[in-house]
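Sequence lines, in order, name chains Y and G. Read in order, the letters of the first sequence correspond to residues 1 to 388 in my numbering. Read in order, the letters of the second sequence correspond to residues 1001 to 1281 in my numbering.
Just so you know, these hints were derived from the structure itself, not from any lab.
Listed below are the simulated DSBU-like cross-link pairs for lysine-lysine, each with C-alpha atoms no more than 30 Å apart in a straight line: (1) G:K1104 <-> Y:K73; (2) G:K1167 <-> Y:K148; (3) Y:K148 <-> Y:K73; (4) Y:K148 <-> G:K1104; (5) G:K1167 <-> Y:K73; (6) Y:K185 <-> Y:K148.
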Amino acid sequence: MSHLELTGLSKSFGTTRVLNDVSLSVRDGEFLTLVGASGCGKSTILRVIAGLEPQDSGSVQIGGRSVDHLRPKQRNVAMVFQSYALYPHMSVAENMSMPLVMQRLNLAERLPLIGRLSPNRRRVMTGIAAEVDTVARQLQIEALLTRKPAQLSGGQRQRVALGRSMVRHPDVFLMDEPLSNLDAKLRVHMRAELTDLHRRLGVTFIYVTHDQVEAMTMSDRVALMDEGRIVQLGTPSDLYHNPSDLRVARFIGSPQINIVSGTTTGQGIRVGEALLPITVSCPAGQVVSVGLRPEALSLDPVAGRPHVAARLTRVENLGAEVFLHFALQESGAPLVLRATLQDYERHKTRLEAAVALGVECARALVFDGAGHRVDHASRAAQRVAVPA
Amino acid sequence: MARAPLRTDRLIGSVISHFFLMLGAGFILLPFVWMLLTSIRPASEVFTAGFNPIPSSFAAGTNYSEALTKSPLLQYMWNGVLVCAGILAVQLLVAIPGGYALAKLSFRAQPVVFGLVLFGLTVPVQVTALPIYIALANLNLLNTYFAIMLPFFLSVFGIFLFRQFFKSFPQEIIHAARLDGFTEAEIILRIITPSAVPAIAAFAVFSITSHWNDLYWPLIVTTSADHATPPLGMMIFRDQETGSNYGALMAGAAIITAPLILVFLFAQRQFVRGITMTGVK
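Start from the sequences and build out the full structure, keeping to the hints where you can.
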């Protein structure tokens, strides 16, 4: 059993507060991603879990047992670093066997020359070599075992770093932006491999990234962080469709969510000349932000449904789908619309002049001045925002 | 591949810069050249007026054999090797862990300790000479190798140099090592030291050169030829019989300089190797 429980973690570096009362509960075998802009404290959480940085307050439990007093190696967690952190002067095989050597040989047996005198050492080393071989075969790096890290490509180093963390069968894998040094194509490939690996090992993964695509595609649950706090914790779908906070709505989704400002009235929200019939929980006359995902806008406004007037500024053709960039007629605010290629072709001539874009009000997300969700659909979002 | 023709202005620039570089090199090398030339001259030609690089008669054989036979030059050099090796070994033993602690560990006294290291850099060896001499004299340790080595065991320069070098060592590798179960001593021994080969080579050149050439301290603590280091030996050699035989004296000087040049050439190769080895991102 290796569920992980963080309670009230806080950490400051000098006067900067990096972690602010973070509590988080990760289920056994879960793939949980911490996502956020750089400097939001996500990597610090990993280092605190690993025992590499002491927290100022709060506690870490792994498998129901507090590990606060344990040294990094006693916590039985493995970490994969962004720079891979391979030992530069050791071969791939040596790199991968190090965690086991440190675990199974005592201090005297590990000494460079004296250690060789121990009869136990040879037996243990043979066993380790066999295990390293097995893991290397799983990762398809058995041909690289004699090479030095400098002779490997980025993807190969990545696999070696993974292998080094796998050999000791840790309770928890901690991954600190492991894919961000790879090129785009390899990154997509390694994403699939990592999720596959997670499924095969069935161990808890805590994955840190600033890339919302990685967070969305790989995780069981995602915790979005900002300024040392968890803003929202939920499934990728929750975060996309039901963000509890404007920061979450902006961070998740590509292309980014459209934000237009409007004013609440008794009947709904007025955006320019259009009136969107959305009920909100705040009083009339307030300025709010209306978030519209690119697929909540359409080129075919249905009569009687709300629409906004906009002018086409730019077209991004991705082949199967097209991103159409508009500017709102009244305010000039930018809007992105996701359309199929067929839809775009059908409306092409009409798009030369200003057009009316249909707004699907049921999918609109409304946030008040402080960035909190205020539309009625938000109740569900507020519930998942509170960590268990 | 076709080489682009060198443009005239770049050619002139290159000629000028090479001229100044060669001038500088010549200025620095001149004493060595003079030493070598004197070492192959007969005594009669040493003080002739005018500058004639090629002597009219060669006396290399007599000069060098006189230098080697009339003084225990090999004994002096062996003393030099022992003293330099002893000093360097203890210096590395202290400076590598010290530099690591100052660069990578955070403890409350760290700024104070680093401040003291910087302060130590400004204290010349002459300042502490008298108290150390008195202590050694009271302990009856004068005229020993230990006495010659003692003041140099702690090299604040070494600590500073290694601290600067380790500052740039990736913190993530140290974190990985701690997670893998390395103790701090093992991190120093198995991770940090192998990566510090270029720094060790550079420091070794500095340390060996200065202690091989040091005359001041050996002159204070030794009076016997048994423990004399090469420069002190040269002095004893001059005082004794050779007196005015500058040819033999220069031959001796050439012999005791040769190991330094070898050490430097060896360290230079290590240097390049070390740099390519750490070319890991």
